[in-house]
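Asks: Sequence:
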Amino acid sequence: MDTSVLPIIILLPLILGTTLVSQLQRISRGVTALGAIGISLSCFILLLTQAETVLQGNTLQQSWDWLPQLGINLSFRLDALGLLFGLLISGIGTLIYIYAYYYLSPKNSLSKLYQLLMLFMAAMLGISLSNNLMILLVFWELTSISSFLLVGYWSQYEAAQRGARMALTITGMGGLAMLGGFVLIGQITGTYQIDELVLMKDTIQQHALFVPALLLILLGAFTKSAQFPFHFWLPNAMAAPTPVSAYLHSATMVKAGIFLLARLAPIFIGAALYHNIVTFVGLFTLCMAAGFAIFKEDLKGLLAYSTISHLGLIVCLLGIGSPLAVAAAIFHIINHATFKAALFMIAGIIDHETGTRDLRKLSGIWQLLPFTGTLTMITAASMAGVPLTNGFISKEMFFTELLANLSGPVMVISAIVATLAGIFAVSYSIRLVHGVFFDGPIGKHVPNKDAHEPHLGMRLPAIILATLCILVGILPALLAGTMVNSVTRASLAQPEFEGVHLAIWHGVNAPLIMSLIALIGGSIFYFALAKEGRIRKIDLDPYLGKFQGKILFDLFLKNLLLTSRKIKQTTENGSLQSYLLLIVLFSIVMVGLPLFNQGLTTGTRELTHAPWVAIVLWLTLFSGCWMMLWFHHERIKAVLISGAVGLVVTMVFVTLSAPDLALTQITVDVVTTVLLLMSLSLLPQLTPYESSRSRRWRDASLAIAGGLGIGWIAWLLLTRDHNSISWFFMQQAIPLGGGSNVVNVILVDFRGFDTFGEITVLGIAAIGALCLMDGMRAHGTTMTQGLSYRFNPSPLMFRITASWILPLALVVSVYIFMRGHNLPGGGFIAGLITSLALIIQYIVLGQDQTEQMIKAKSGRLYEVWIGSGLTIAGLTGIAAWFWARPFLTSAHVYVELPVLGKMHIASAVSFDLGVYITVVGAAMLLISVLGDSRHSSMAGPIPSGDKENG
442 MDTSVLPIII LLPLILGTTL VSQLQRISRG VTALGAIGIS LSCFILLLTQ
492 AETVLQGNTL QQSWDWLPQL GINLSFRLDA LGLLFGLLIS GIGTLIYIYA
542 YYYLSPKNSL SKLYQLLMLF MAAMLGISLS NNLMILLVFW ELTSISSFLL
592 VGYWSQYEAA QRGARMALTI TGMGGLAMLG GFVLIGQITG TYQIDELVLM
642 KDTIQQHALF VPALLLILLG AFTKSAQFPF HFWLPNAMAA PTPVSAYLHS
692 ATMVKAGIFL LARLAPIFIG AALYHNIVTF VGLFTLCMAA GFAIFKEDLK
742 GLLAYSTISH LGLIVCLLGI GSPLAVAAAI FHIINHATFK AALFMIAGII
792 DHETGTRDLR KLSGIWQLLP FTGTLTMITA ASMAGVPLTN GFISKEMFFT
842 ELLANLSGPV MVISAIVATL AGIFAVSYSI RLVHGVFFDG PIGKHVPNKD
892 AHEPHLGMRL PAIILATLCI LVGILPALLA GTMVNSVTRA SLAQPEFEGV
942 HLAIWHGVNA PLIMSLIALI GGSIFYFALA KEGRIRKIDL DPYLGKFQGK
992 ILFDLFLKNL LLTSRKIKQT TENGSLQSYL LLIVLFSIVM VGLPLFNQGL
1042 TTGTRELTHA PWVAIVLWLT LFSGCWMMLW FHHERIKAVL ISGAVGLVVT
1092 MVFVTLSAPD LALTQITVDV VTTVLLLMSL SLLPQLTPYE SSRSRRWRDA
1142 SLAIAGGLGI GWIAWLLLTR DHNSISWFFM QQAIPLGGGS NVVNVILVDF
1192 RGFDTFGEIT VLGIAAIGAL CLMDGMRAHG TTMTQGLSYR FNPSPLMFRI
1242 TASWILPLAL VVSVYIFMRG HNLPGGGFIA GLITSLALII QYIVLGQDQT
1292 EQMIKAKSGR LYEVWIGSGL TIAGLTGIAA WFWARPFLTS AHVYVELPVL
1342 GKMHIASAVS FDLGVYITVV GAAMLLISVL GDSRHSSMAG PIPSGDKENG
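To convert, count from 1 in the sequence shown and add 441; that's our numbering.
Calculated from the structure, these hints are not laboratory results.
A portion of the hints provided could be inaccurate.
Label-pair restraints from in silico Cβ distances [claimed, not checked]: (1) Ser1167 with Ile1246: 34 to 40 angstroms; (2) Ile1295 with His1074: 23 to 29 angstroms; (3) Pro850 with Ser546: 51 to 57 angstroms; (4) Ser546 with Thr490: 36 to 42 angstroms; (5) Leu1003 with Leu617: 46 to 52 angstroms; (6) Phe1239 with Leu1316: 55 to 61 angstroms; (7) Gly498 with Gly898: 37 to 43 angstroms; (8) Pro850 with Gly898: 52 to 58 angstroms; (9) Phe1239 with Gln1126: 22 to 28 angstroms; (10) Ile954 with Pro850: 18 to 24 angstroms; (11) Ser763 with Glu1013: 37 to 43 angstroms.
Simulated pairs of lysine-lysine, DSBU-like, Cα-Cα distance not exceeding 30 angstroms [to be verified]: (12) Lys548 with Lys1007; (13) Lys972 with Lys737; (14) Lys553 with Lys972; (15) Lys1009 with Lys885; (16) Lys802 with Lys972; (17) Lys1009 with Lys890; (18) Lys999 with Lys802; (19) Lys991 with Lys737; (20) Lys885 with Lys999; (21) Lys991 with Lys1009; (22) Lys999 with Lys1009; (23) Lys1343 with Lys991; (24) Lys737 with Lys999; (25) Lys991 with Lys1007; (26) Lys890 with Lys737; (27) Lys802 with Lys890; (28) Lys642 with Lys737; (29) Lys802 with Lys885.
Glycine included, C-beta positions come from ideal geometry on N, C-alpha and C.
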């Protein structure tokens, strides 16, 4: 068995599909469509190659460690359940790509639609093949994001924006709840591996956390599969293009919740709470949505509510949980995907050709679209459960299991509700056929009375699906029996399940009578409503009033927005002093509460006398902080004093024999001080006095409390013995990291991922500053001529000195960089030294001349540096994968070079180079932003306050 095929199936649409489609669009729409169809069809074929093995009861598994300490691994598995959903996703996806090519007009971006559909397909395939709950959750949320983009494809329309926001909000909240449920399951069992959880059913159900875990997971499943009371988002998502509706909201996305219930069925079946909630939520949703569907005037709205109803049927069967009920659910998943995807495509054909999908305007178009009408009859009959269609068999199985597994008054009421839902289903199915294609001559409100059958390519997907509805209805055991039974065994984790025999006729019994009542009653009900066009005049909205889902949702969002605004207005008053007050107060409370009444005292560790150097540095630091308090209203003095405090900290590091930290501290201190001084050229010299006497006493008390609290915690820690882990790094720095400078080896090897994250944040911060300062660039005025580093060149002596400083600083940077792996230094420090030398050039030569000298145009070069540095660091980490090692695993070798002799080379040097380039790019981008006056929308006279203090 080839297990490597599992990630390939996901990566094909995720990586190759999205990139290939974007490139093929440059050739033609047809080539773009062929590329998308080829990718989807490849996934389908890859799954088919594994079908024989999987349907025999075997499972393919592939796993890579990611965060094994947390139980989160890239783990995939392909069993019969995953195979079924994978085939539906890729198979119907292929048909959708064909259909979309003919449906979408040339003025709409076909490649954009294909890219988003590819992203969604990859997410759904990831859900189907995941064997780890957390990885499943990642793909689950990716479906929410991609469906948000797909529903909002026509973003110029308010309805599309509204539907996309609603879908994302509802399914996103459900995903958040589901995350809580998964975490609780992990706490109960100690694992997130699904195949391991299946074996721990009793442990899970007997635990006190089982009930909250179950409820949270059901919230996720119900929101995604549009079950009551979260059903309303699905009809409101119908503003999406019809290919999106056919794919997401009939065959795939809304089935994600169904898949989750089927995947976790072995864990939940047997728990009374699970059976009660799932069975009756599904049954209520089945009947409620079927009733609403009858009166919908939009074709896609009618189909959306019918989708909700059929999803309720499947959920109800999974809630019953017996082997035969699960088999019926699996069979209906297949049937619903075929007839509902076809019906959505047909709705798109009708809209595409006639110019409307409003049922109040459509009638008598059989003479215009007879072939499309025939397809509609077949697929609508399957949706209604008419004999000789696949929908009839799974509906019969539903009635059978409902009667067999319930008893007493509950069974009677459930049978009545199910039969009523069947009546409604027949009614809206007949309306779909009779109201559109017959019901009199061509309606006078049909926009295009010259409509004709579309291109065969647009009808072909619906023809294939309609054919399957008939073939499976006639030969169910031959075409679907093996798949249904294999998937049922996989869902229940019961290899001994004998299977269900699918057949057209089971004799005259109660389910058959219920079906006949539904067929006859539904026909009578519809034609009674349709008499004299009464059904077109019925509007349920006034009867529902404020209890409509979308109204309640809008009310919830409105109150949420108003509440958040009130909180914002209360807390966000523009005063940094108030913000710091809240932050410090909150920190004191949150740290103090768990430590209160703990009886913590000084530890037993032997104390030593403070050396005179420590006392001097402490007094110096105290003096600097006191001066900062005294002069903090004078901005330039405050910056210089903060720089002096940084120098004292540097001396502390030197005293404690931490040269790497000392070098980093002093270079960061100098660079930030210069940056702040350059920024102050744009601000008044004095900070306004805001505090009253009472506020100063309050702030002083709070600051003292915070300082004493931190000092107390530090004292508690330092007076206690602890087990240091430094010995590990000391011992392993050379053999594992290839360097004797333990600090640098930790940064670029042992904790290289942290460093990679830090330089990423640094780059984001610099680009964020560029975005924030856009339109607020620095500009020279008569009030700031003496401080300008852009418009006025410095004296000749400074310029000559600067011309010597730059090459010397570059040599020092190279020296610091090259020695960093074995002696104090490294890419970060070297980058800061280079940045400092370039900053001096800015100050001395001015920004224009400096940027001309280093070929930097408006800071664009620095953005390239940031991207290049991050790319180099990332590629260094990825290179380890080619040797089957974890990300950023270092390698080091000794090589013999001419002239230079034997040299030690470590891959960490490449990572350090990325750090160096990113640091220089980020620092210089900040400088260029502060000094750039081009395109400034703020240029002009300085406000009077600035004139007085400038």
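Asks: Where does the structure disagree with the numbered hints, that is, which hint numbers, in rising order?
Replies: 2, 5, 6, 11, 12, 14, 15, 17, 18, 20, 23, 28
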